[in-house]
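Asks: Sequence:
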Amino acid sequence: MTTMFELDLAIDGFTPAADIADQARAAEAGGVDTLWIATHLFLRDPVALGATALAATRKLKVALMAVSPYAMHPVHAAMGAATLDELYPGRVVLCLGVGAPGDQDAAGIERPRPLATLREA
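In my numbering, each residue's number is its place in the sequence shown (first place is 1) plus 3.
Rather than coming from a laboratory, the hints here were simulated on the basis of the structure.
Take the hints with a grain of salt, since some may be wrong.
Said to hold, decoys possible - DEER-style ranges, computed between Cβ atoms:
hint	residue 1	residue 2	range
1	Asp108	Phe8	35 to 41 angstroms
2	Ala119	Arg61	36 to 42 angstroms
3	Phe8	Pro115	22 to 28 angstroms
4	Ala109	Ala24	28 to 34 angstroms
5	Gly100	Met7	32 to 38 angstroms
6	Thr120	Arg61	36 to 42 angstroms
7	Arg61	Pro115	39 to 45 angstroms
8	His79	Ala21	32 to 38 angstroms
9	Thr18	Pro77	22 to 28 angstroms
10	Gly33	Gly100	32 to 38 angstroms
11	Asp36	Gly111	33 to 39 angstroms
12	Ala119	Gly33	16 to 22 angstroms
13	Thr86	Phe45	19 to 25 angstroms
A virtual CB, placed ideally from N, CA and C, is assigned to each residue, including glycine.
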């Protein structure tokens, strides 16, 4: 019986954009399958970081996590992910979530009906 597993690595938006390509290459060389890039308000844009990581690697997948419909309209999130997938087919994952309450509180974003909002997204 063969055991299959995937090794993933999560990074936050605090990583300087200039370091993303090197980190992505190191992750891929170390056997990482998917690089999960956090979406936090007031930090670096996950789509731009994802594009940088994808361009620097050959097979590493990038997951944009957890893009909140309260902070970014789902159409814009889908457009960003679809554009990356067009450039790097099969290597992009879009993960939706209700977002980080601390980020949204700081931005004055209200979060009514989180589960219903996520379903609608």
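Asks: Which numbered hints are broken by the structure, listed smallest first?
Replies: As far as the earlier hints go, 3, 5, 8, 10 and 12 are violated by this structure, in ascending order.
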